[in-house]
Amino acid sequence: MPQPWLQARHLDYAYATGPLAVRDVSLTAAQGSMTALIGSNGSGKSTVIRMLAGLLKPLAGSILLGELPFEDWQPRLRARQVAYVPQSTATAFPFRVLDLVLSGRAPYTPALRFENARDAEKAMEALEAAGAAHLADRPFTSLSGGERQMVILARALAQEPRLLLLDEPSSSLDLKHRANLIRTLTRLRESRHLSVIMTTHDLQLTSGFDHILALRRGEAAAAGTPDEVLRDKVLSDIYGDPNVRAHRMGNQTLVWVDV
Amino acid sequence: MTGQPEPIALPLTAPVAARVFRALAILTLVLAASVAVGLAVGSQRIHPSSLFADSVSRTLFFRLRLPRVLMGLVIGASLAATGAALQALFRNPLADPYTLGVSGGGALGASIAIALGWSARVAGIPLVFIASFAGAMLAVTLVRTIARTGAMMLPGALLLSGVVVNLITAAGVLTIQYLTDPTSALRILRWLIGSLDVVGLEPVGRMLLILGPAWLVLLAFSKQLNLLAIDEDTAATLGVNVRRTETIVYALCALIVGVTVSAGGAIGFVGLVVPHAVRLMFGEDLRIVLPGSLLLGAAFLILADALARTAMPSGELPVGAITGLLGGPVFLWLLRRRQQYSTM
Numbered sequence: 075m076p077q078p079w080l081q082a083r084h085l086d087y088a089y090a091t092g093p094l095a096v097r098d099v100s101l102t103a104a105q106g107s108m109t110a111l112i113g114s115n116g117s118g119k120s121t122v123i124r125m126l127a128g129l130l131k132p133l134a135g136s137i138l139l140g141e142l143p144f145e146d147w148q149p150r151l152r153a154r155q156v157a158y159v160p161q162s163t164a165t166a167f168p169f170r171v172l173d174l175v176l177s178g179r180a181p182y183t184p185a186l187r188f189e190n191a192r193d194a195e196k197a198m199e200a201l202e203a204a205g206a207a208h209l210a211d212r213p214f215t216s217l218s219g220g221e222r223q224m225v226i227l228a229r230a231l232a233q234e235p236r237l238l239l240l241d242e243p244s245s246s247l248d249l250k251h252r253a254n255l256i257r258t259l260t261r262l263r264e265s266r267h268l269s270v271i272m273t274t275h276d277l278q279l280t281s282g283f284d285h286i287l288a289l290r291r292g293e294a295a296a297a298g299t300p301d302e303v304l305r306d307k308v309l310s311d312i313y314g315d316p317n318v319r320a321h322r323m324g325n326q327t328l329v330w331v332d333v
Numbered sequence: 002m003t004g005q006p007e008p009i010a011l012p013l014t015a016p017v018a019a020r021v022f023r024a025l026a027i028l029t030l031v032l033a034a035s036v037a038v039g040l041a042v043g044s045q046r047i048h049p050s051s052l053f054a055d056s057v058s059r060t061l062f063f064r065l066r067l068p069r070v071l072m073g074l075v076i077g078a079s080l081a082a083t084g085a086a087l088q089a090l091f092r093n094p095l096a097d098p099y100t101l102g103v104s105g106g107g108a109l110g111a112s113i114a115i116a117l118g119w120s121a122r123v124a125g126i127p128l129v130f131i132a133s134f135a136g137a138m139l140a141v142t143l144v145r146t147i148a149r150t151g152a153m154m155l156p157g158a159l160l161l162s163g164v165v166v167n168l169i170t171a172a173g174v175l176t177i178q179y180l181t182d183p184t185s186a187l188r189i190l191r192w193l194i195g196s197l198d199v200v201g202l203e204p205v206g207r208m209l210l211i212l213g214p215a216w217l218v219l220l221a222f223s224k225q226l227n228l229l230a231i232d233e234d235t236a237a238t239l240g241v242n243v244r245r246t247e248t249i250v251y252a253l254c255a256l257i258v259g260v261t262v263s264a265g266g267a268i269g270f271v272g273l274v275v276p277h278a279v280r281l282m283f284g285e286d287l288r289i290v291l292p293g294s295l296l297l298g299a300a301f302l303i304l305a306d307a308l309a310r311t312a313m314p315s316g317e318l319p320v321g322a323i324t325g326l327l328g329g330p331v332f333l334w335l336l337r338r339r340q341q342y343s344t345m
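Each protein sequence line maps, in turn, to chains A and B. Per this note's numbering, the first sequence runs over residues 75 to 333. Per this note's numbering, the second sequence runs over residues 2 to 345.
Quick caveat, the hints were computed from the structure, so don't treat them as lab data. Cβ coordinates follow ideal geometry from the N, Cα and C atoms, glycine included.
Using 25 angstroms as the maximum straight-line C-alpha spacing, the simulated SDA-like pairs for lysine to any residue come out as follows: (1) A:K131 <-> B:R145; (2) A:K131 <-> B:N242; (3) A:K131 <-> B:T248; (4) A:K131 <-> B:T146; (5) A:K131 <-> B:V243; (6) A:K131 <-> B:E247; (7) A:K307 <-> A:M323; (8) A:K131 <-> B:R245; (9) A:K131 <-> B:L155; (10) A:K131 <-> A:T102; (11) A:K131 <-> B:I147; (12) A:K131 <-> A:Q148; (13) A:K131 <-> B:R149; (14) A:K131 <-> B:D234; (15) A:K131 <-> B:R244; (16) A:K131 <-> B:T246; (17) A:K131 <-> B:E233; (18) A:K131 <-> A:H84; (19) A:K131 <-> A:A297; (20) A:K131 <-> B:I249.
Some chain A residues well away from chain B (every beta-carbon gap over 10 angstroms; in silico): (21) S100; (22) E242; (23) L247; (24) S281; (25) R291; (26) E293; (27) N325.
This is chain B alone, in the form it adopts within the complex (with noise of 0.2 angstroms):
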């Protein structure tokens, strides 16, 4: 053995079912438990029982609180996710949408929507959104045409180039700011850091709208992902259409990260570790990976938040500190450990 941890024993021939049901089992009871947590911590203790008689604490929990839960719960979902899709796709165990630079298209592209007014609309669906989005989807598919030459994905291309993204869509961002009138700066600036921050209920509401239906075209190709993940070659062999299906998810996956980032933040590092947690405990299929990093990313950032408004005795750290301090490391660690395995 290569020091590799043992996934969470089942007789080696157990059906994939069976073993699909069990981790996404085991991952809905941590989920479960880190909204628990979630809810329960804060700068205002709230007891169960007064959210009945007073309504200054109900005010608090259903106005503030839970809608932060929620919104920890949808973008840490969603990030991991597309992390998870993203590694298969590049067959890259450090590709994220941090690190390949998709979160900076996003954020560039929502800045500049900033700029142009925060609360513009183009047929209902904020311009924020919309913006991000094609930011994302114009970075994902920049870094993706220079790491591939031919048939061949050039694992260090591919991270550099997504280096090289960050830093032009980091200098984009700044020259919007320092353009921009000064109220749009100070929104872009903290945006910028990542908060869960929301008031109500409906921007969370407004989010999954877009996002629940593409968790689930996600999540319908991990058949597909998984085979890429193993091999192109193979894949298109046993039957996917390997073009279709990456377009799909490149797509899909700009989507949703770009809703996430102009509601969220870059809020870093999530889909690095995340996939690379559920890997280590229930194995490297993606139809256990793909679903799995939708639970556990979202119970991560509920908990990396819940920290992040705890750590401090007054006033809070931004999630995005937490989640790079936690990230940055694991992705030193996996850089290491390839090294070690040279497999391409």
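Okay, chain A solo, but in the shape it has when bound (with noise of 0.2 angstroms):
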């Protein structure tokens, strides 16, 4: 097991004056490592990915990248190495789909200078990854929620990042673009050793990956692989339903709910 890359130490949050949002919640992902962190709606996911991101400032805990603690490093330079996917991406202006993935290089720009021919080629292929280079001259307030989706997904694959944080990627494809998604991120982890931190709703998304974080009301509630923690005991306790079922098909897992 190579050194993780990312380790997030005890992790608490509080929104203004409310309840501890997050508590005492550690993670870590090693180089090419693919997390989910799943739970209930309001179960502190996408506090936790925000704070990763470094939206949020925890209230205490640490976060180390690399060698670094997290708020050492120089916005900029963190940029070039974590990427962050948000739920939804609403911008009031229609920007040009290449526009748009293009803004992920501004990492890489010098200030006062602009993105160069080597950039848009990296934004080109971003958006081949991700499997929306037809959209490139498309104005991207015209696009489908889950054609939005994928163009942010190359936004962030522009940032050449060694990881990536997504929130929610899926909620709003379709059963081919959810696929397309899992695969893309499975083809860079192997040819650019990325790292994948995802919050997620679909379990069954998750069997591929190395290890999922569960939690419940802003705890750990159960940590391990997709085989240990996809199981009907486990996922009854994270979700508060005893109905919940998984099943083991091939090198997939089904979950569902008995209603």
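Using the supplied hints, reconstruct the complex from the two chains, each of which is provided in its own coordinate frame.
This is the structure:
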């Protein structure tokens, strides 16, 4: 097992004056590993991933990126290591898709300089990797939710990160695009040793992941390989519903709820 | 396609620098043509050759017409560029110094200063500039605080609070006019209507001393503003210091609007129409829209003023009336289009 590249320890977070939304959550991600964060709505998944992306400052705990504590990284240099795909991006302006993807090259562009032809190539490659090359010249605002998500994924890939954080990337994707997303991530893991941390409700997608961390009311409720976590009893406990069923079929696990 | 006009064609992967250069070259030509029109048009025809022969034409040209065109250039550029910056910061195509009440705040500040004494100075800077800047800063801070809840910027709350700030400041200006002596009241009224009427080049030079550096700093932020216009979280994860950028750009906008309002009154909708026109022509990239708005805004106000000077056989219309008549309908059209998009 290689040395974990990201180590988050004992993270706490609370919104404004509310109670702790995340309590004592720890998480590591090695090079080329895929980690899924699961849990019911409001369990703190998004809060954890937003802390890892630097959008929320943990109330307590520490995050180590490579050799350095998270907050010691220069933001621009950190942006070359960690990319973030939000749940949805609603831009008010009809940016052209390729320009939007090109913005992922910003951390590599010196101040007062523009992206060059090489950056445009990288942006095109990223669009191809995300299976969205055909959208390059469209206005972003004219795309469907699923198409937008693939474009935002391409923007994150254009950052050439070591670690990709995805917040519910599959929620607006159809079956084909979900499969495509997981294939893309798996391929990048092989070719670039990309590490992935992803929150999701789509448990079936997590069968091929290395590690699953389940949250319940802001605390770690279960952790382990998909084989260990995707079980009737564990899932019933996480989701607070005794009728959750998991069934192994080949190398995938089907999960459903008896109604 | 969604009825989106095609940006002027360049290859799909044309480098950003080439697109910026091309757009700015075209808009510089537009500005040069507008300056020529602005200098040529007026109640008196001034033939170029008479500038050498006739001292009356020379005075008319250099003391009145040239300063007026330059005033249009400076104020138009300022309003349009702040419009573009505010739209990016608020991620709202309807934002503009006028619609957000920033101009109104500036106008109230300036009115107070005029009532206290037009020519007072603090450390060499006219008190009117300072008061107007303070008013504009107060307005933009207020609107921003009301519109922002947590990480979300509410577009409805933004525009409504802009409307309310405008109403409050208008009432404040009226009160001051009522309370002050008749001479000051008349001065405020005349200035409020919005006019580019100046005598001599000194007032323009004084403005440029503050505005020139402010424009440059604003332009230096166009990369960050471009990322912020896409999405705030995205910008933050791409290495933009969001809070710092916001604070600096808000202050710059208040400064620029404050200075222009104190000199030319609250001229509306330039900051709305111009950035939108630049977008339609050259796409959404703020690194084009921001400098492009500076150039096209200057051209737009020079032409609007030329129209104001010649629309009536005798006398002239206030330039604010022209920009309002042109800009109001564009605002309504944008509002309608936005509802159809329903991206928020």
